[in-house]
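What follows is each chain in one-letter form.
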Amino acid sequence: MHTAFLLDAAKAVQKSILDNEAALESLDRAIGDGDHYINMVRGAQAIVSMEDELTSLSVALALNKIGLKLLSTLGGASGALMASFFISMAKQWPTAENTNPLSIALAFDAGVQAIMLRGKAGLGEKTMLDVLIPVSQQFKLLAEKKQSTPLICKAIIDTADQGLQNTRDLIATKGRAAGLGERAIGHLDPGAKSCQLIITAICQLASHPINSTRY
Amino acid sequence: MHTAFLLDAAKAVQKSILDNEAALESLDRAIGDGDHYINMVRGAQAIVSMEDELTSLSVALALNKIGLKLLSTLGGASGALMASFFISMAKQWPTAENTNPLSIALAFDAGVQAIMLRGKAGLGEKTMLDVLIPVSQQFKLLAEKKQSTPLICKAIIDTADQGLQNTRDLIATKGRAAGLGERAIGHLDPGAKSCQLIITAICQLASHPINSTRY
Amino acid sequence: MKKFINKLDDVLIESLSGFAQAHADLVNLSLNPHFLSRKKPAANKVALISGGGSGHEPLHAGYIGYGMLDAACPGHVFTSPTPDQMLTAAEHIASDKGVLFIVKNYAGDVMNFEMAAEMLSVENATVYTSDDCAVVNSTYTEGRRGVAGTVIVEKCVGSLAETGASLADCKALGEKVNVRTSSMGVALTSCTVPAAGRPTFAIGDNEIEMGVGIHGEPGRHRVKMQEADAIVNECVKAILADWQQKQLCLKGQPEALLLVNGFGATPLMELYLIYHSAATLLKKHGIAISRSLVGNYTTALDMAGASVSLCLLDDEIKHHWDSPVHTAALRWGC
Amino acid sequence: MKKFINKLDDVLIESLSGFAQAHADLVNLSLNPHFLSRKKPAANKVALISGGGSGHEPLHAGYIGYGMLDAACPGHVFTSPTPDQMLTAAEHIASDKGVLFIVKNYAGDVMNFEMAAEMLSVENATVYTSDDCAVVNSTYTEGRRGVAGTVIVEKCVGSLAETGASLADCKALGEKVNVRTSSMGVALTSCTVPAAGRPTFAIGDNEIEMGVGIHGEPGRHRVKMQEADAIVNECVKAILADWQQKQLCLKGQPEALLLVNGFGATPLMELYLIYHSAATLLKKHGIAISRSLVGNYTTALDMAGASVSLCLLDDEIKHHWDSPVHTAALRWGC
Ligand SMILES: Nc1ncnc2c1ncn2[C@@H]1O[C@H](COP(=O)(O)OP(=O)(O)O)[C@@H](O)[C@H]1O
Ligand SMILES: Nc1ncnc2c1ncn2[C@@H]1O[C@H](COP(=O)(O)OP(=O)(O)O)[C@@H](O)[C@H]1O
Ligand SMILES: [Mg+2]
Ligand SMILES: [Mg+2]
Ligand SMILES: [Mg+2]
Ligand SMILES: [Mg+2]
Numbered sequence: 001m002h003t004a005f006l007l008d009a010a011k012a013v014q015k016s017i018l019d020n021e022a023a024l025e026s027l028d029r030a031i032g033d034g035d036h037y038i039n040m041v042r043g044a045q046a047i048v049s050m051e052d053e054l055t056s057l058s059v060a061l062a063l064n065k066i067g068l069k070l071l072s073t074l075g076g077a078s079g080a081l082m083a084s085f086f087i088s089m090a091k092q093w094p095t096a097e098n099t100n101p102l103s104i105a106l107a108f109d110a111g112v113q114a115i116m117l118r119g120k121a122g123l124g125e126k127t128m129l130d131v132l133i134p135v136s137q138q139f140k141l142l143a144e145k146k147q148s149t150p151l152i153c154k155a156i157i158d159t160a161d162q163g164l165q166n167t168r169d170l171i172a173t174k175g176r177a178a179g180l181g182e183r184a185i186g187h188l189d190p191g192a193k194s195c196q197l198i199i200t201a202i203c204q205l206a207s208h209p210i211n212s213t214r215y
Numbered sequence: 001m002h003t004a005f006l007l008d009a010a011k012a013v014q015k016s017i018l019d020n021e022a023a024l025e026s027l028d029r030a031i032g033d034g035d036h037y038i039n040m041v042r043g044a045q046a047i048v049s050m051e052d053e054l055t056s057l058s059v060a061l062a063l064n065k066i067g068l069k070l071l072s073t074l075g076g077a078s079g080a081l082m083a084s085f086f087i088s089m090a091k092q093w094p095t096a097e098n099t100n101p102l103s104i105a106l107a108f109d110a111g112v113q114a115i116m117l118r119g120k121a122g123l124g125e126k127t128m129l130d131v132l133i134p135v136s137q138q139f140k141l142l143a144e145k146k147q148s149t150p151l152i153c154k155a156i157i158d159t160a161d162q163g164l165q166n167t168r169d170l171i172a173t174k175g176r177a178a179g180l181g182e183r184a185i186g187h188l189d190p191g192a193k194s195c196q197l198i199i200t201a202i203c204q205l206a207s208h209p210i211n212s213t214r215y
Numbered sequence: 001m002k003k004f005i006n007k008l009d010d011v012l013i014e015s016l017s018g019f020a021q022a023h024a025d026l027v028n029l030s031l032n033p034h035f036l037s038r039k040k041p042a043a044n045k046v047a048l049i050s051g052g053g054s055g056h057e058p059l060h061a062g063y064i065g066y067g068m069l070d071a072a073c074p075g076h077v078f079t080s081p082t083p084d085q086m087l088t089a090a091e092h093i094a095s096d097k098g099v100l101f102i103v104k105n106y107a108g109d110v111m112n113f114e115m116a117a118e119m120l121s122v123e124n125a126t127v128y129t130s131d132d133c134a135v136v137n138s139t140y141t142e143g144r145r146g147v148a149g150t151v152i153v154e155k156c157v158g159s160l161a162e163t164g165a166s167l168a169d170c171k172a173l174g175e176k177v178n179v180r181t182s183s184m185g186v187a188l189t190s191c192t193v194p195a196a197g198r199p200t201f202a203i204g205d206n207e208i209e210m211g212v213g214i215h216g217e218p219g220r221h222r223v224k225m226q227e228a229d230a231i232v233n234e235c236v237k238a239i240l241a242d243w244q245q246k247q248l249c250l251k252g253q254p255e256a257l258l259l260v261n262g263f264g265a266t267p268l269m270e271l272y273l274i275y276h277s278a279a280t281l282l283k284k285h286g287i288a289i290s291r292s293l294v295g296n297y298t299t300a301l302d303m304a305g306a307s308v309s310l311c312l313l314d315d316e317i318k319h320h321w322d323s324p325v326h327t328a329a330l331r332w333g334c
Numbered sequence: 001m002k003k004f005i006n007k008l009d010d011v012l013i014e015s016l017s018g019f020a021q022a023h024a025d026l027v028n029l030s031l032n033p034h035f036l037s038r039k040k041p042a043a044n045k046v047a048l049i050s051g052g053g054s055g056h057e058p059l060h061a062g063y064i065g066y067g068m069l070d071a072a073c074p075g076h077v078f079t080s081p082t083p084d085q086m087l088t089a090a091e092h093i094a095s096d097k098g099v100l101f102i103v104k105n106y107a108g109d110v111m112n113f114e115m116a117a118e119m120l121s122v123e124n125a126t127v128y129t130s131d132d133c134a135v136v137n138s139t140y141t142e143g144r145r146g147v148a149g150t151v152i153v154e155k156c157v158g159s160l161a162e163t164g165a166s167l168a169d170c171k172a173l174g175e176k177v178n179v180r181t182s183s184m185g186v187a188l189t190s191c192t193v194p195a196a197g198r199p200t201f202a203i204g205d206n207e208i209e210m211g212v213g214i215h216g217e218p219g220r221h222r223v224k225m226q227e228a229d230a231i232v233n234e235c236v237k238a239i240l241a242d243w244q245q246k247q248l249c250l251k252g253q254p255e256a257l258l259l260v261n262g263f264g265a266t267p268l269m270e271l272y273l274i275y276h277s278a279a280t281l282l283k284k285h286g287i288a289i290s291r292s293l294v295g296n297y298t299t300a301l302d303m304a305g306a307s308v309s310l311c312l313l314d315d316e317i318k319h320h321w322d323s324p325v326h327t328a329a330l331r332w333g334c
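Residue numbers (my numbering), protein chains in the order written: chain P, 1 to 215; chain U, 1 to 215; chain B, 1 to 334; chain W, 1 to 334.
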């Protein structure tokens, strides 16, 4: 995997977020404070506009740069968490020669662990972790089983969606919705929704046949 | 004329104001500050509730009491003006033996003069005076000609209505609408409307056959 | 209409009582007739009394205290107070230095204060404020309204009165500050008079009323919603044109006080944005802003909107603006 | 959405610039990363730094100055600031007495301040404010939000810090004031985040949201519009229940500070009416209101609504509340 993929992924993510304005916005209006869509757009925009400084960097360095950039541009709960994700994932990112689905899965998992640590949260608290934790587990499992990239991607997309749907009936115990009690039930978590969108966009890109040769 | 008539007139006026809520309110919302209806209701209510203390008084004393009451309950432009009207009219009110249409007309005119003095205004400035000045002139003229009460009343009702309608196309040069310039055109003046309502209610009461014997 | 009220008839008295309780160290509330006055009446100074319809809070009761007003007479919402209020307040607090009434120039206020002044045996005078330059044709003096600039007049005259100055001097300073102050407002939404129960005027989702009055009176014209800079530009232009018409000397680098006043429902964040826009523009016009005030100082109930006031300063006005003041809504230096 | 703005991207910076210009005697604005700090940094005292999403003005920048904050870090509207802001602000103003962060308890604020604190080499500590008792189940500490009571914490700790007190003492006082303060809010309308362009929540013409958060987060429940007394009664009951749950000792005649806070679009007239209602109720509950504050102190953009905060006083808190303060939004005694 090359940095070029990262940049294409960033653009795909940005498009997906822009395309899902209504959904993201209405979710955070329902059980949050209405800024999640704007935060995500700002973050995606910040990454995409780093293209020039990122292209020449290794993936690990690029991921770290992205993390630091998010840390100083995003703000909010999602800002601290996503920045932590990138910074920690960058630390675990494999060298070029060691890059394979499993090493990537482990780096991804390190990012998810950082989110859990920073947010003091786990599964079932109606947060982005309800998407990220199952995805990370699935990713590791399938990579350990040496499944093909397209198959892994497809499975992850399904897992992310399932994780997202699971947030609907949860009472939130972390984040801004934690004050709502029963009233949070029936709404998807906005952070979970954006993680699902991001993961889906990246997996679609990664599993596309053309990319196996391009990157 | 007896004080009993005053009290009946007050009730008739109150009813007429309450019945014309929409008109009075929308006029002052259009070219004023929206409180004229409320002010008029408060004033009418104050007079009606004075029944007990007024019944035993002469008309002149009752009118003076009413003026003082309005002075301390009405407020606003209409409050200062209507209070001045009553206080000055009371001063000119004829003794019981001298009461006739002409002496009443002269007292009424003294009230209107007080309004002109207090408001430094005359005809054609888009105020209540566009109703009151022509009504006063008409009243004096017909009383001098010794016309019958019903005929005087009918003429006054028409004059008041004509005066009111005249305010529609005027630019205001006094009162709150004076800032509006051309934008005041097309709207009746709220104070003129309430004066027309008051005059009409009283004239209808006075011209009703039953009252010539009752009062 | 959603408002924090109990019975319509009790709105005023409950709100006044709350004010008097919350500021019991500063003011006394007298009832029937209603007026508020300083807790510790100052002896041997001109007594400053203002008042007007309610709904403009903190005007005027919020300006009672050291260095500003001695008493305020609140009328019903948007309805001028009655003469007995001013009369009783004046008799309550007047020293033999006399009484100065500060009255916003509206027919109702003018006439009711005038009647009180006629009835009052103590020596008295009146300053009329008429800073609103939204009303274009200023030959109709009746139409020239007193708005947020009234606060500046009350502050400066209040400072002078505290020194024991004469009634004539206080009146002269009030008139000077009034002439040197011009204001222009804009409404994004209407206000709603509680007793009326519905908005005073209808306004489209994309319309604003330029030059609106503090009672929701129509202003210069209804225009499409614009960027803040464009709106502020129209206000500043109107103010500077008014200064010119008033022949205020603008030689050298004129120094001014800029007051950005919210009408009640406009958040501070936007008021500061307006301030930024106005200050930037005025700088381009060569005017130095050396004093500032931003906040809700002369409101119009729950109207969204704001006004810009500009007072041309000189050393005297600066001195009186800066001097200590201790009221519920303005406080510094003590 | 009608707001005084130019470009959406410039709202924050233009508003901050306006604030910094209007209060140039008090604050300095630093950009990239953004923070505001005292014009004259006080040496040899614990530096108090707060911050949070914008849209709550005058919180926090309005509380920078003598006797209160040393710096404030504003995030985007309703979005917590980023760690580099707090880090830079802290490095800019810290003396060797250390830095105390005052943080409203929201996941975003907590985490971003935490990251700054971890990166900061200067000795530091954090006070989290969590006065909102609308969130019933307080075992979910995450859900207990910091709202208007934050102002009381900032004022008292600010006073103590000015005496040269230690970081630990400042933190202890902040936590004490926080525990002794409970707040409950109600929304009549939603706020509108400028970049979102439409109301955060839909609410009927005859509905109100009890226990709303200062970002328009849903509260306890949606109810029919009621009389002010009924609404205030629910707030006061919630607060007193919360005091009980927190085991605040209410023996003797407890003395309290009553803060009636407007959310941005509610006029002062109504806030004083709420104050009257709350003070009357509290008196019946045997609580003496000996300190008061009424106005827009912790807003939620253009939301119509208000919150009631009650702080159980003792001599220490009274002393620090009364001590001189000189900021844009709170000033007394100097
Ligand atoms: N402690 C936490 N752990 C994991 N995710 C969290 C936590 N707190 C909040 N989140 C996530 O952050 C999302 C909200 O992000 P955003 O709206 O951008 O920030 P804020 O809540 O500060 O406005 C939530 O939907 C949730 O998924
Ligand atoms: N100078 C004046 N002379 C005569 N009538 C006046 C004058 N000023 C105002 N009015 C009358 O008062 C009416 C407004 O009364 P009202 O709404 O009760 O008081 P306000 O204008 O103080 O709100 C106007 O419609 C007009 O008829
Ligand atoms: Mg959010
Ligand atoms: Mg009116
Ligand atoms: Mg009026
Ligand atoms: Mg947020």
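Treat the hints loosely; a few may be bogus.
Only pairs whose alpha carbons sit at most 30 Å apart, straight line, appear in this in silico DSSO-like list of lysine-lysine [claimed, not checked]:
(1) W:LYS7 - P:LYS69
(2) W:LYS283 - B:LYS284
(3) B:LYS224 - B:LYS176
(4) B:LYS283 - B:LYS251
(5) B:LYS39 - W:LYS3
Note that these hints are calculated values from the structure, not bench results. From a predicted model like this one, the values you see are computed outputs, not experimental measurements.
Right, here's what the structure says about each hint:
1. W:LYS7 - P:LYS69: 23 Å, holds
2. W:LYS283 - B:LYS284: Given that 30 Å is the threshold and the Cα spacing comes to 55 Å, the pair is violated.
3. B:LYS224 - B:LYS176: 36 Å, violated
4. B:LYS283 - B:LYS251: 15 Å, holds
5. B:LYS39 - W:LYS3: Since the Cα atoms of B:LYS39 and W:LYS3 sit roughly 40 Å apart, the hinted pair is violated (cutoff 30 Å).
Checked against the numbered hints listed earlier, the structure breaks hints 2, 3, 5; every other hint is satisfied.
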